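Trainee: Next come the chains, spelled out residue by residue.
There are 2 protein chains.
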Amino acid sequence: MNRDHTCGQLRKEDVGKKVKLAGWVSKRRNLGSIVFIDLRDRYGITQITFDENHSELVKDIRNEYVIEVDGIVSLKATPNPKLETGEIEVLVENCKVLSSAKTTPLIIADETDALEDVRLKYRYLDIRRNPIKEKLLLRDKVTTIVRNTLHGKDFVEVETPILSKSTPEGARDYLVPSRLYNGRFYALPQSPQIYKQLLMIGGMDRYFQIARCFRDEDLRADRQPEFTQIDIEMSFADENDIQGVVEEVMRNIFKDVKGIDNLEFKQLKFIDAMDKYGSDKPDLRFGNELVNLNDIFEKTEFKIFRDILDRKGLIKGLVFNHNFSRKEIDSLTEFVKIYKAKALAYLKLNEGVFSGSLNNALSDEEKDALKEKLSLKDGDTLFIVGDDKKIAETALGALRSKLGNELGLVDKNQYAFVWINDFPMYEYSEEEGRYVAAHHPFTSPKIEDLDKLISDRANCYSRAYDLVLNGYELLSGSVRIHNKELQAKVFEALEITPEKAKQRFGFFLEAFEYGAPPHCGVGIGLERLIMILSDTDNIKDVVAFPKTASAMCLMSDAPNVVDEDQLDFLGIELKKKD
Amino acid sequence: MNRDHTCGQLRKEDVGKKVKLAGWVSKRRNLGSIVFIDLRDRYGITQITFDENHSELVKDIRNEYVIEVDGIVSLKATPNPKLETGEIEVLVENCKVLSSAKTTPLIIADETDALEDVRLKYRYLDIRRNPIKEKLLLRDKVTTIVRNTLHGKDFVEVETPILSKSTPEGARDYLVPSRLYNGRFYALPQSPQIYKQLLMIGGMDRYFQIARCFRDEDLRADRQPEFTQIDIEMSFADENDIQGVVEEVMRNIFKDVKGIDNLEFKQLKFIDAMDKYGSDKPDLRFGNELVNLNDIFEKTEFKIFRDILDRKGLIKGLVFNHNFSRKEIDSLTEFVKIYKAKALAYLKLNEGVFSGSLNNALSDEEKDALKEKLSLKDGDTLFIVGDDKKIAETALGALRSKLGNELGLVDKNQYAFVWINDFPMYEYSEEEGRYVAAHHPFTSPKIEDLDKLISDRANCYSRAYDLVLNGYELLSGSVRIHNKELQAKVFEALEITPEKAKQRFGFFLEAFEYGAPPHCGVGIGLERLIMILSDTDNIKDVVAFPKTASAMCLMSDAPNVVDEDQLDFLGIELKKKD
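Heads up: the sequence lines are chains A and B, in that order.
Reading the first sequence from the start, the letters are residues 0 to 577 in numbering that gives the first Met the number 0.
Reading the second sequence from the start, the letters are residues 0 to 577 in numbering that gives the first Met the number 0.
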């Protein structure tokens with residue numbers, strides 16, 4: 000060992016000890032012929048001091064050099080309260096340079112103004128910075144808590160293949176050409192979904208895996224081509240059981256990481272979440288629920304609202320106690336148009352007097368009824384969107400979320416968990432002109448909706464659930480179908496022919512013929528969880544070696560070109576440009 | 000939950016309780032109108048009993064059906080000592096079929112005569128069998144011990160990329176075509192080598208990862224295209240430190256899994272291992288060391304040995320106390336030829352009289368000298384191979400290993416660990432006509448061999464080490480080069496031009512310019528470790544969803560053909576057959 004203590008370890012009690020430290024030169028200061036160096040390693044910083052008799056040793060040493068020093072722990076005249084080791088210094092007796100360093104392209108400090116591209120190219124330097132290092136340590140801590148909790152409940156971690164077969168989950172697969180079977184390809188898994196269900200059929204009873212998953216999608220800011228999922232599946236269990244397991248995992252994480260031990264988990268049905276919050280990912284750290292106003296306008300003479308109600312639309316309101324300027328209203332109107340709302344109507348109440356775009360359009364009775372139903376008070380602004388149900392809900396939901404954040408209604412130290420249950424079984428794909436699985440095709444419908452599976456797909460709900468935290472979807476899961484006949488019926492509803500089903504996952508369907516237990520599970524996005532815990536919006540901060548939005552590693556330059564003969568072996572060639 | 004107890008849980012103390020169990024029908028027996036079922040889940044088997052009033056419930060239930068039963072725990076008249084639950088049975092009050100089952104293509108029992116192909120195709124059924132299930136549980140247990148031990152020593156688990164860049168480690172890479180950059184490819188990592196060294200340069204100090212690795216090799220029986228490595232790296236440390244860490248990991252594993260708490264770790268230099276055991280993977284559970292006999296034949300007139308010594312060859316002996324038949328000797332002679340030995344000479348001692356192929360060729364003085372040097376006693380057979388040093392050592396080493404096993408000299412309950420240190424820096428590749436890195440090009444040479452790096456490559460040794468257990472290589476590791484100049488010199492020795500080095504791992508070399516700490520590490524083959532712990536020679540037994548020797552998954556049929564437009568997106572096409 001080049002050291003007998005770390006740079007975060009020495010305290011007042013160690014004064015007088017002869018120690019050996021090693022680390023990076025974080026800062027050097029000269030005071031006449033005395034030289035002070037802040038020596039840094041993963042564990043902290045210790046000041047080491049070269050007196051005039053030893054300053055020769057230090058003359059060539061610059062920032063980020065790696066050195067090994069022998070010295071005596073000594074009490075500092077003026078303690079540095081910013082350092083945990085701040086009461087002591089080490090008086091150097093000997094010093095050896097282990098490795099020299101050029102000037103680094105980014106400064107190793109908590110704050111950086113380096114461009115993201117530079118930080119990614121020199122990721123190993125970025126990792127030396129506390130904000131990144133701490134997030135990687137946190138990630139390890141969280142997965143450890145997850146493993147301990149699940150092991151304590153008889154879950155077994157099982158590694159499933161990375162070289163696997165295409166799974167039918169919508170996004171594009173990464174493909175791996177086979178050398179031994181030219182013309183065939185492995186796919187990197189989008190999730191271990193099929194394998195974990197097979198483990199349940201195999202009697203493993205309770206499985207988990209901190210699993211690497213892959214999606215060849217056009218990346219958004221919060222996505223990476225490979226990501227990690229806390230993947231859980233359990234047999235002989237239902238929604239209630241698996242949610243209980245996840246809650247225990249979360250309680251343990253938030254207790255250890257945040258010191259919070261009174262987490263609450265609310266429950267909301269999908270339709271209620273859409274009704275009250277206009278979102279299946281509602282942020283429950285603030286109120287401002289959406290309100291259905293159809294009853295108030297039942298007999299309205301205001302033509303626009305009249306038309307909406309006549310075509311079975313929805314008039315929905317949302318109140319904030321804030322006086323918006325005309326300019327702000329214009330900008331919010333543009334905002335709701337992103338969500339396909341045609342307009343944003345509003346009504347203000349100030350000193351008992353109404354104003355706003357709806358003031359002249361509505362009757363006094365209507366305004367009074369609004370005031371009563373919404374308990375409008377001075378300074379309130381009521382926004383109204385009337386449109387098709389989905390548009391009215393979604394647009395106002397987005398507005399609620401935006402204004403809740405911008406008006407400071409969100410307590411950053413609060414963690415509001417809510418289970419969203421009973422998701423729709425299907426969603427209509429405009430692109431494909433048919434209903435597709437909202438979750439995945441192995442999700443069980445609600446028992447009471449069995450008769451709607453094919454006859455009324457728009458109103459058929461499923462046993463799928465999400466866990467939402469502060470407006471973010473933390474996980475998705477569902478009770479799975481464990482019955483071959485029901486699975487066949489769902490495929491029929493999804494217009495997947497028996498032939499196509501057999502070709503795509505025949506082996507999986509066959510497994511259900513040999514005794515499948517009821518089972519359910521979840522996949523928790525690890526990166527998202529770490530992002531929330533460490534309060535960052537940048538997924539790259541919580542990944543050791545992240546890729547850019549175009550799936551490039553700026554450090555290694557992957558993906559890169561390969562030799563012609565490597566492709567020869569694989570039986571592929573680059574497609575000629577037309 | 001479909002149960003309130005598992006099938007392995009109920010005991011005498013539970014008699015009288017009303018319970019709910021769920022599981023698979025493992026066996027059913029009829030005794031008149033009473034039906035007994037062995038109900039199985041991951042945790043065990045419980046006998047459930049249907050009396051004449053309830054036998055209607057069970058009439059359609061066959062093996063591997065999944066059922067849920069309510070009943071009363073009752074004392075068995077005649078306990079079944081083979082089951083942990085054998086003192087009780089559950090008298091059924093209600094029974095529900097959760098899932099039916101066809102006749103399984105393999106019987107779910109500890110012993111199976113099913114063909115391996117059938118077991119792989121129906122892997123989920125094979126996993127229901129105890130021998131496979133137990134190995135997967137063991138695997139989880141071992142990785143948990145590894146994580147706990149390493150976390151206790153400040154190691155941090157960090158996930159490194161799977162979509163990465165070709166690493167220069169000899170075997171072929173699996174490639175992943177990029178959709179966003181047509182013509183470029185990711186490579187799946189053969190190990191996280193470069194990333195973990197970058198983490199050391201990044202100051203992570205102590206890293207580990209239970210890491211998935213990939214090699215597109217022609218598979219041997221004990222290889223899989225993807226495998227798992229317990230990957231460890233530490234900074235400011237040397238051979239001694241990292242070996243201490245690994246020993247603690249092994250002690251904890253063998254204590255928890257095998258109840259053994261007195262493991263010993265021997266140390267051998269590579270050259271001594273070759274000299275004494277003719278192998279860098281010696282099985283130290285038995286003696287029978289090879290002996291150098293050159294001194295005895297210094298003045299021999301036996302022409303064959305004379306010639307060998309004249310061309311600086313080696314005459315090496317190996318003794319077993321066994322009387323081999325002529326036929327056995329013939330077969331052993333064929334065996335050593337696999338290792339390029341031209342012949343296998345032998346001398347037997349029986350009732351004080353020598354016999355064997357060398358009896359007439361050697362002088363009485365030579366035979367007496369052999370008898371004295373090797374302490375030959377009645378019933379001994381001395382095998383001699385004279386050849387080039389490497390051939391003589393390797394051939395006799397292989398013979399030693401074969402006979403040690405076949406003659407029952409190996410205690411199956413013993414675990415003999417030995418560190419093999421100071422591996423050669425290079426090995427000569429006949430194929431490439433040049434010296435290549437014996438470990439990998441980032442391995443540090445022995446300090447005392449620095450001057451031989453280029454001038455005497457055949458005699459230059461490295462700071463690489465293996466841990467060998469019972470004749471198997473459990474891990475490889477080395478102290479790494481952390482100095483740019485030394486790295487450049489090693490590349491020169493390996494005839495890797497600066498241009499080629501830059502192209503292949505320029506970003507990695509650049510990292511060493513910004514302050515690299517001394518560091519070293521190991522990669523432990525997890526599958527091999529589990530195979531030894533669970534006493535199987537078949538790597539497929541310790542992998543949840545293994546592939547065949549031709550890298551095929553018989554269950555899912557991966558790799559498989561994909562749609563033309565998937566290839567279009569990736570900018571590749573299948574190479575036309577000539």
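Be aware that one or more of the hints could be misleading.
A pair counts as met if it fits within one copy or between any two copies, since identical chains are not told apart.
As a list, the in silico DSS-like pairs of lysine-lysine whose alpha-carbon atoms are at most 25 Å apart [unchecked claim]:
# : residue 1 : residue 2
1 : K254      : K152
2 : K26       : K265
3 : K140      : K152
4 : K483      : K101
Treat the hints as calculated values from the structure; they're not laboratory data.
Since the structure is predicted, the reported quantities are computational estimates derived from the model, not experimental observations.
Trainee: Does each hint hold? Answer for all of them.
Mentor: Hints versus structure:
In the homo-oligomer, the alpha carbons of K254 and K152 lie at most 25 Å apart both inside one protomer (18 Å) and across protomers (23 Å), since each shortest distance falls under that limit. In the homo-oligomer, the alpha carbons of K26 and K265 never lie at most 25 Å apart, since the shortest distance is 50 Å inside one protomer and 44 Å across protomers. When the C-alpha separation of K140 and K152 is checked against a cutoff of 25 Å, the pair qualifies both within a copy, at 19 Å, and between copies, at 14 Å. Taking the shortest alpha-carbon separations for K483 and K101, only the inter-copy value of 12 Å comes in at or below 25 Å, while the best intra-copy value is 65 Å.
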